[in-house]
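K.L.:
Produce the entire structure from the sequences given, and follow the hints as far as they go.
From first to last, the protein sequence lines are chains B and L.
Numbering of the first sequence is given in UniProt numbering, commencing with residue 1 and proceeding in unit increments.
Numbering of the second sequence is given in UniProt numbering, commencing with residue 1 and proceeding in unit increments.
No lab work stands behind these hints, which were simulated from the structure alone.
One or more hints might be untrue.
Said to hold, decoys possible - Some but not every residue of chain B turned toward chain L, in silico, with C-beta under 10 Å:
1. F47
2. E51
3. F270
4. I273
5. I287
6. P295
7. S299
8. P300
9. A303
10. D308
11. F392
12. Y393
13. A527
As the structure is a prediction and not an experimental result, all values here were calculated from the model.
Using N, Cα and C, we set each Cβ at its ideal position, and we do this for glycine too.
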Amino acid sequence: MSTTASRPASRQDKAAAGVANFADDSVGASKIVNGFARKVFPDHWSFMLGEISLWTFVILLLTGTFLTFFYVPSMGEIPYEGVYAPLHGQIVSEAYASSLAISFDVRGGLIIRQIHHWAALIFVASTVVHMFRVFFTGAFRKPREINWVIGALLAILAVFEGFTGYSLPDDLLSGTGIRIAQAIMLAVPVVGTYLSFFFFGGEFPGHVLIPRFYVIHILLLPAIMLALIAAHMFLLVLHKHTQFPGPGRTNDNVVGFPLFPVYMAKMGGFFFIVFGVIALISAFVGINPIWAYGPYDPSPVTAGSQPDWYMGWLDGAVRLTPGWWEFTLWGFTFSMNIFIPTTVIILVVMAVLVAYPWIEQIATGDYREHHLLDRPRNQPTRTGLGVMALTFYVILLISGGNDIIAHMLNLSINDLTRGLRLLLFVLPPIAFWVTKRICLGLQRRDREKALHGRETGRIVRLPHGEFIEVHAPLDEYERWMLVQHESQRPLELQPAAGANPDTLFGKVQHALSRFYFDDRVEPVTPAELEAAHHHHGHGGEHAAIDPSEKGSAKTTNSLTTQG
Amino acid sequence: MTRTLSALSARRRHPLAVVLLIALALTLTGGLYAALVPQPASAQPEQSASATDIAEGEKLFIANCATCHGFNGEGGDPQPTGWGYGITGPSLVGVGAAAVDFQVGTGRMPLPYQGPQAVPAERIRFSQEQINQMAAYVASLGPGPAIPAEEFLDITALTEEEISRGSNIFRTNCAMCHNFAGAGGALTKGKEAPALFNVTERHIYEAMTTGPQSMPVFNDNTIAPEDKKAIIGFLKSIHSQPDPGGLPLGYLGPVSEGLFAWVAGIGLLIGCAVWLGMKSS
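P.N.:
This is the structure:
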């Protein structure tokens, strides 16, 4: 018996070994597995922002698949006969009826729908947060420009994916949203009407829209996004992850933990945390109460009709644009009041977003590879530009909810809109200037700290009566963080790197470079550091730490750190 | 010739006949008037108290309302304001008892302060009896919508079909300003369509018949009394039950949802990421 028991086991071993051998022989599996498992990833909480985005996408695929089992993508009209009493007998579309059925008749349907919708909002939000992390730390620089572009495409596709999903339940709100989408199409000069007729298969709303949006939402866009995410991840592995500067971290290495087992556990665990948090929110907080909105009908509309937040900035742009931008020429109406704040603004923002890595390359004249991240303060102009863009975006987003804000705060919507129009042009430049100044100030403080050490708060009276505050020197590791970055200067100071200043490109590059680096705080050089230490040795006026005092100062230092 | 004619006429009509005829006509007219006209007046339950109510109401009116609305409810001169909201008390001739019951009963009148529109005060300044007396006085100035009878406000017997009809009518006529769930919304220049949570059935009904502030009048030809009742039934049914989805975030739509997703969703997840990041170092 024991032999028969051992024989199948050995057979299994053989089978396993056979499979492994086959995989190894055919695709070099052992190399891949080995190489991948030992792939090292650096550790920082902000590197997990993109992971939130990835995991919410996985949650969306899982819950979305569940929803497709019960959703009916049809605009055919039927009387509603489900369990929700206040809609009994009303004529609704099959899409709406099936969405209500998912909410009330399918076991667990409502929570899955709510998880799907909350995950969608958080997916786009985490994508934006991830993008800003990448932007502010300079992770888009060579060789990662293409991955930045892929990310930007993913972000815009996520917005369209979200919008098509928002439209599918065919409730009053989603129908209103589609109507606005049609208005955006119609506002495109010359081809607008054709676009609308092509898209809706005739007059609005027609009968083909929901089936078309369904295919776009569950097949077309997810497939493209999956492919782009795969490329995004592949490039991430290929380029290796960037890391923050630190002791022992250089442009040529990656300091961190191996993928297996540390990151496998961390990433897997984080997936469940993300799923858990979203499930928790979905269990307690309702989202998109389609039963309360009622079925779509082109005649009614509800106060407070807003898109989901990621479209809110475009809605806000439309709300801020004055109506007189619309004009008639040769018998045609040009709705610039709709066209510019929607189609044009999306294209401009996308263009700037995609082009930014190259814009900065022109300004810096730096075509080297960068694997070490910037501390945002060390790039004052870039950080300022980022905060400026963020301010612009947030003002548009707030404008998208101007009626809700006016209602909640008892403000006049007219005054609020005028105020926001003003702020849209005034606040972003102020935000740029303030951010840049703060960054430069922080750099100066870093310089001060690197050269003269940390203030200990210990006041010492010298024999001749002078009072000084004792400064404790930083240890090597701390100091490294403050002095490691490179000096960045306008290109004119480095004629070798600049282009010919007489061509147009040269002039632009010149101007751009000066805009970026005219205001700067030079990083501490080794010579300065040496000089500062030497200076301290003599017990200078400002930060006297002589070697004999070093021991006591260090004690103070460690005490303050503990405190 | 003339004598013959006058003799003839003298013979045909007795001199007293004219008097008799006038007396008869007067009796008939008066009788008809008595038979036809007081019908609505006698339908008022407190017909006997009405005269005193009107008198009491007039006193209250003169003491509390006449400054803006004029001593006979004819409307007042423009009141000076610092903010350009030149509010003149409008004429109350023909606004009816329902308007008084709504405006005073919800605390919108007497106007607590000058603003884009009257808003409900924290405290109602009058008892229901006093409100009824003022309503009787204003109703006596000219015919207008009456305070609705109890039968139009009793929504307990509404069927599911009627509530469903109410939701449909509400969505078509009311949701554009008051929002899909009656959470209210903004109008121009600081005016608003107020939220309809915790508003009594009678006040909702009166708002529809009188069209207070920016609201249009929905008289019985536009929305029949039964349909008004159905609308009230729909509002009360969704406001009395918990929302199936959980916390409705004020029924404000995607704005409050987006804010929640950012603050709670992204906030919690970044908190978790920071926590996980701390574990390693």
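K.L.:
It remains to establish, for every hint, whether it holds in the given structure.
P.N.:
These are the hints, each one checked on the structure:
no. : hint : verdict
1   : F47  : 8 Å, holds
2   : E51  : 8 Å, holds
3   : F270 : 6 Å, holds
4   : I273 : 5 Å, holds
5   : I287 : 5 Å, holds
6   : P295 : 9 Å, holds
7   : S299 : 6 Å, holds
8   : P300 : 5 Å, holds
9   : A303 : 3 Å, holds
10  : D308 : 5 Å, holds
11  : F392 : 17 Å, violated
12  : Y393 : 13 Å, violated
13  : A527 : 33 Å, violated
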